[in-house]
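Peer 1: In case you want the letters, here they are:
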Amino acid sequence: MSLAYETIATLRHRLLSKEIHPRDILKDLFTQIDAREKTLHAYTYLNRESALAAAEKTDLSLPLGGIPIALKDNLNALGDPCTCASKILEGYKAPYDATAVSLLRQAGSILLGRTNMDEFAMGSSTENSALGLTRNPWDPTRIPGGSSGGSAAAVAGRIALAALGSDTGGSIRQPAALCGCVGLKPTYGRISRYGLVAFASSLDQIGPLTRTVEDSALLLSVLAGHDPRDNTTDLRPPEKFLTQKNGSVQGLRFGLPKEYFLPGMDSETESAIRSAADWFKKNGATLVDVSLPHTPTAIAVYYILATAEASANLARFDGVRYGRRATDARDVLDLYHRTRSEGFGAEVKRRIILGTFVLSQGYADAYYRQAQKVRALLRQDFEKAFTQCDLLLTPTSPEPAFPLGERTQDPLKMYLADVFTISTNLAGNGAISLPCGFTKSNLPIGLQLIGPRFGEETILRAAHAFEQAHDFFQRLPPS
Amino acid sequence: MSTPAKWEAVIGLEVHVQLLTQTKMFCGCTNHYGDAPTSHVCPVCLGLPGSLPVPNEEAIRLTLLTGLMLGCTLAPVARFDRKNYFYPDMPKNYQISQYDDPLCAGGQVPLDPFLFPKEIQDTAEAKAGRAIRLTRIHLEEDVAKSFHFEDRSGIDFNRAGTPLMEIVSEADLRTPGEAFSFLGSLRQVLLAGHVSHADMEKGQMRCDVNVSVRPIGQKEFGTKVELKNLNSTSGVRRALTYEIARQITACEKGEAIAHETRRWDDEAGATFTMRTKEKAHDYRYFPDPDLLPVRTDQGLLEAARTRLPELPSVLQARLIQAFGVTAYQASVLGADRILCAYFEKAAAQAKSKATVANWILNDFLSTQPDPATTPILPEFFGELADLVADGTINSAQAKKVFAELMANPASPREIVKRLGLAQISDVSALGTYCDEAIAANPRSVEDYRAGKTNAINALKGFVMKKSQGKANPLQVDEILKAKLSA
Amino acid sequence: MSAPQINISDVASLARLTLTPDETAKFSAQLSQILGHMETLSQIATGAVPEVTPPAQPALRQDIPTPSLSIEAALSNAPAQANDLILVPRILE
Ligand SMILES: [Mg+2]
Ligand SMILES: [Zn+2]
Chain A
1 MSLAYETIAT
11 LRHRLLSKEI
21 HPRDILKDLF
31 TQIDAREKTL
41 HAYTYLNRES
51 ALAAAEKTDL
61 SLPLGGIPIA
71 LKDNLNALGD
81 PCTCASKILE
91 GYKAPYDATA
101 VSLLRQAGSI
111 LLGRTNMDEF
121 AMGSSTENSA
131 LGLTRNPWDP
141 TRIPGGSSGG
151 SAAAVAGRIA
161 LAALGSDTGG
171 SIRQPAALCG
181 CVGLKPTYGR
191 ISRYGLVAFA
201 SSLDQIGPLT
211 RTVEDSALLL
221 SVLAGHDPRD
231 NTTDLRPPEK
241 FLTQKNGSVQ
251 GLRFGLPKEY
261 FLPGMDSETE
271 SAIRSAADWF
281 KKNGATLVDV
291 SLPHTPTAIA
301 VYYILATAEA
311 SANLARFDGV
321 RYGRRATDAR
331 DVLDLYHRTR
341 SEGFGAEVKR
351 RIILGTFVLS
361 QGYADAYYRQ
371 AQKVRALLRQ
381 DFEKAFTQCD
391 LLLTPTSPEP
401 AFPLGERTQD
411 PLKMYLADVF
421 TISTNLAGNG
431 AISLPCGFTK
441 SNLPIGLQLI
451 GPRFGEETIL
461 RAAHAFEQAH
471 DFFQRLPPS
Chain B
1 MSTPAKWEAV
11 IGLEVHVQLL
21 TQTKMFCGCT
31 NHYGDAPTSH
41 VCPVCLGLPG
51 SLPVPNEEAI
61 RLTLLTGLML
71 GCTLAPVARF
81 DRKNYFYPDM
91 PKNYQISQYD
101 DPLCAGGQVP
111 LDPFLFPKEI
121 QDTAEAKAGR
131 AIRLTRIHLE
141 EDVAKSFHFE
151 DRSGIDFNRA
161 GTPLMEIVSE
171 ADLRTPGEAF
181 SFLGSLRQVL
191 LAGHVSHADM
201 EKGQMRCDVN
211 VSVRPIGQKE
221 FGTKVELKNL
231 NSTSGVRRAL
241 TYEIARQITA
251 CEKGEAIAHE
261 TRRWDDEAGA
271 TFTMRTKEKA
281 HDYRYFPDPD
291 LLPVRTDQGL
301 LEAARTRLPE
311 LPSVLQARLI
321 QAFGVTAYQA
331 SVLGADRILC
341 AYFEKAAAQA
351 KSKATVANWI
361 LNDFLSTQPD
371 PATTPILPEF
381 FGELADLVAD
391 GTINSAQAKK
401 VFAELMANPA
411 SPREIVKRLG
421 LAQISDVSAL
431 GTYCDEAIAA
441 NPRSVEDYRA
451 GKTNAINALK
461 GFVMKKSQGK
471 ANPLQVDEIL
481 KAKLSA
Chain C
1 MSAPQINISD
11 VASLARLTLT
21 PDETAKFSAQ
31 LSQILGHMET
41 LSQIATGAVP
51 EVTPPAQPAL
61 RQDIPTPSLS
71 IEAALSNAPA
81 QANDLILVPR
91 ILE
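Residue numbers (this note's numbering), protein chains in the order written: chain A, 1 to 479; chain B, 1 to 486; chain C, 1 to 93.
There could be a bad hint or two in this list.
What the hints assert, rightly or not - Straight line, CA to CA, 25 Å or less: simulated BS3-like cross-link-like pairs of lysine-lysine:
hint : chain 1 : residue 1 : chain 2 : residue 2
1    : B       : Lys399    : B       : Lys345
2    : B       : Lys202    : B       : Lys145
3    : B       : Lys253    : B       : Lys351
4    : A       : Lys245    : A       : Lys258
5    : A       : Lys413    : C       : Lys26
6    : A       : Lys258    : A       : Lys87
7    : A       : Lys18     : C       : Lys26
8    : B       : Lys399    : B       : Lys470
9    : A       : Lys373    : B       : Lys83
Hints listed in this document are in silico derivations from the structure and should not be mistaken for laboratory results.
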């Protein structure tokens, strides 16, 4: 069988036993990429040569020695492009490494290539990419989810073993759910954001997309920890996750927030999630009804705060120091207007305008400040819920992957796709999405487990137990 | 141009101060000026996508120290905010600054009367002893430096992201002289704390001025005008003098003052409209989500407190009290901590400390010495003063010793020996000189005895000449008087 | 609070964007729909809720220099440069 179908954990064993060489993994991946990438378009850029060169001098004693990993195209890696799937970063080559990237290098992994995304991570379908859309490996007429759609499609489509993504409102978990892989959004402050091109700084978190929970834990162990370059990283010492894999969920209390199970929700999704809950119960866990009463406000709070932060974060793209510069500008003001109007896509412009508006004089109190306060209430909801349970159990997405083009003209409907993931970013908690079933038309369904802040160990333990008791992670998309 | 009595000016200052740190505000790049362009930049201060700021704790300590020195209320928790506006010298198109929760609030700058312009130091305005209230002090990052060419501009990002402390005064100032003294007095405090070199001419201290005029007695402020391009303390004074007169003239003609920013042209000696403020800037301030709130009450404040220096006003009072110097001398000494330390060493053991002050502040200073590196030991001045006080040399001889001291530094005692300058205080030797003088000047003796007491001077002159200037003039006076009345 | 009428072009110009007439029309409609959805927030009582996130003691940076980029690396992405300065069209006051 092609090595492209294996997990990181298995490949590491085979590498260490000298049964295979890192170049064998790359060769199989490239064969697979040559066959599938035309359909999927998961990548914006591939490091074929440098990856093969790196494979010849890997240090297998390192935790990810010889393991190729793909990066979402919003992470800076020295010498590589970092397009954020935007025309405005045309020609930009990163003069530095993101901390997460340098940790991957230090752990011995090989940088395979860059994955497609919604422009500046703004979107839930990867249709907002200036570099073309990505397709869902399970049904190429459907979206892979977003914004880390390229990462999810590559991992699920077996053209990457694992990829990094970024999650601001569900951008790791929702595509992981829709593509049938494991997506982890760590607690805010767990992984350094240094070198991740910011969308919304108070919400962004880097995380892994993998085939299995064990691989997810492996990557988290490499990436987690305080970074002196990121003021918002937590000071706790580095941890190794999921070192005990006993498979027990005995005694764990799972909270089912009533706001996440609404009448009229997608029935296949609901029944998959309910049977997952039943499995936990059958295996010694208890189920508790909990409430997160401010859930209905989350989308509004999110789109105010995220766009406000984005309006400032994206101000630096002005054609002065890097990236695309409009030609024939009369003066600097004209240069700004032309560069930004030509360089940004519609969704980015829409969000910049929204974010600028909610911060502007006369409106900041009603929108930005009010949203900050409601965010505090949302956070309190989670704190309260976690006095009653150890993990929250919810669907990741209200429905499976929708058809390409269906929502591009209706941004509000697109925004509502994030309804189950957004609150976690607002509260800062960690959460995972893992496959928990398939629809009749063979589309993956994702289960979301949300933990208390810095509760990744519990999340991973429960997710791993569920995963190993089912075969969802072994199913292959049609080729 | 003086302000007619019926109008008064209302002036507020915003002073930006470059801090004496090793590194920039939010990155580890060197905080240094005058190096090759673009040689001190990194992803953070260049605003590259993905970079993140981390605050420099020393910059925070220096700001807290400034707050302590100026009597501000210090925030236990401070925040950084983003101030949004586009400009090519600003890498991120927002400046990290402080808006809602600055590090320091309130406080005041006492105006030193001797830091008013020289020619008005004797006026009531200077002697009023006012203290100017501060609104706040906050910390922010500086922008890059632009150079304008014919059809393009070039930007050097070395200064981008260096720490800048902004000190905002209340609109308490009333005259150009007060603004002048405010800047000087503030500078003294900043120097005392080693916070900044605060030299306006080097751009280490930059000042924006808001000024309006109103009839005396009126409570409401007039329309304020912002003045830019003020590159020296005297420039601030001249610009204000001009601008206040311009506004008063306009008001007297019944013209409205435009709400605008005006540029001071030092050569033309006038202000000119730069931009009118039709629309207020909308900076869209919000807390910078990349930076957690800063707790100052867990070590930072204490660290700043341990660095509290002797404040200028305290130092001046001590100099007057302990060394008997004048208020003016205390102000001059207080303005230069190195000179002051030099003086204190010089005067420590001296019998007449006031004499030492005179030597140092008049004769020594006029040679434009660098008290930090001069080979002349401060103790020499104490010794010189003592030689005069104990009668070893007279003041004319002391001048000679001083000149020699400057030319070939050595102990004044040695110089006196070397030059054979010691004063003759031996009574019998002086008596002989006096007898000779009386014998040689019968006319003067007669005049003196006839009541023309001034005639004694001719006799004294004779003695001094005979003794080659070494005779102790006080003793000569005594001996002559005794002999003449005998 | 009812959904305000935004002057899209004014807001866009604050953000240094020039919109085509098409974009202006489309964005106006979409944004008023989105802002309409955000009206729900005005119903939430937040009088006593602090807006600020709880202060953590962040790790500050010690004042010790770290290496900067080389001049070449710093200018490697500059669209226009001369004499180690980044060039822009003339800045108008
Ligand atoms: Mg300022
Ligand atoms: Zn720097």
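Peer 1: Indicate, hint by hint, whether the structure satisfies it.
Peer 2: Hint check:
Using a Cα cut-off of 25 Å, the hinted pair B:Lys399 and B:Lys345 holds, with the two alpha carbons roughly 21 Å apart. Restraint check: the Cα-Cα separation between B:Lys202 and B:Lys145 comes to about 14 Å, which is no more than 25 Å; the hinted pair holds. Taking the CA atoms of B:Lys253 and B:Lys351, the gap is near 64 Å; set against the 25 Å cutoff, the hint is violated. For the hint linking A:Lys245 to A:Lys258, the alpha-carbon distance of about 31 Å lies beyond 25 Å, and the restraint is violated.
Simply put, A:Lys413 and C:Lys26 have alpha-carbon atoms about 15 Å apart, close enough for the 25 Å limit, and the pair holds. Distance hint between A:Lys258 and A:Lys87 is unfulfilled; the C-alpha atoms sit about 42 Å from each other, more than 25 Å. For a cut-off of 25 Å, the pair hint linking A:Lys18 to C:Lys26 is broken: about 59 Å separates their Cα positions. With a C-alpha separation of about 13 Å, the suggested pair B:Lys399 and B:Lys470 falls inside the 25 Å cut-off, and the hint holds.
A threshold of 25 Å between alpha carbons decides the hint, and for A:Lys373 with B:Lys83 the separation of about 21 Å falls inside it, so the pair holds.
Comparing the model with each earlier hint shows violations of hints 3, 4, 6 and 7; every other hint is respected.
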